[in-house]
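S.K.: Sequence:
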Amino acid sequence: MLKKLMTAFLTLSLIFAPVGGHFLLGQDDTVSAKSYKSGKRSFNTDRSTTNNNSNIQRNKKSDATTKSNTKAKSNPVAKGGLMKGILYGGIAGLLFGSLFANMGGIGAVLGFMVNLIAIILLISIIRRIYIFFKNKKKENPNPWRG
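Read left to right, the sequence shown gives residues 9 to 154 (the working numbering).
Just to be clear, a hint being listed does not mean it is correct.
[Claimed, not checked] Derived Cβ-Cβ restraints for the label pairs, each shown as a range:
#1 23 <-> 114: 35 to 45 Å
#2 103 <-> 23: 35 to 45 Å
#3 15 <-> 100: 36 to 46 Å
Don't read these hints as lab results, they were simulated from the structure. Virtual Cβ for every residue (Gly too), placed ideally from N, Cα, C.
Using the sequences and the hints given, assemble the complete structure.
M.R.: This is the structure in structure tokens:
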């Protein structure tokens with residue numbers, strides 16, 4: 009009896025899912041921005057005011073020597089923080105998922121335990137780093153001075 013009731017409820021929810029947003033949220037299919045007007049143009053195409061300083065002569069050689077030719081080196085490890093973390097997390101999830109895949113219910117429990125241990129380990133590492141820097145600030149910079 010319970011299986012039939014759950015099947016009927018699932019069937020009704022799948023049937024009414026496409027029209028539920030229309031009744032509950034009240035979204036219309038028509039565009040509501042028909043009377044929209046954009047603001048005043050901020051770009052001026054009048055070119056008469058741009059050539060006021062045409063008689064100024066510049067020394068191109070002195071400008072070229074003041075520029076620095078060194079490029080700032082970027083740290084390739086620190087680039088792409090969020091996306092790199094998502095990528096590594098997904099790869100780790102696939103590895104652990106395939107490791108415990110054919111174990112049935114115990115595989116899901118073991119996968120959860122591995123994820124829980126990884127999260128606890130990450131939080132403890134962050135906590136130790138925070139406490140290290142917090143205690144470093146409290147140290148006396150000159151302990152021999154009385």
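S.K.: Are the hints correct? Go through all of them and say.
M.R.: Hint by hint, here is what the structure shows:
For residue 23 and residue 114, the hinted distance range of 35 to 45 Å is satisfied, since their beta carbons lie about 38 Å from each other. Checking the proposed 35 to 45 Å range against residue 103 and residue 23 shows it holds: the Cβ atoms sit about 40 Å from each other. Separated by about 38 Å at the C-beta atoms, residue 15 and residue 100 satisfy the suggested range of 36 to 46 Å.
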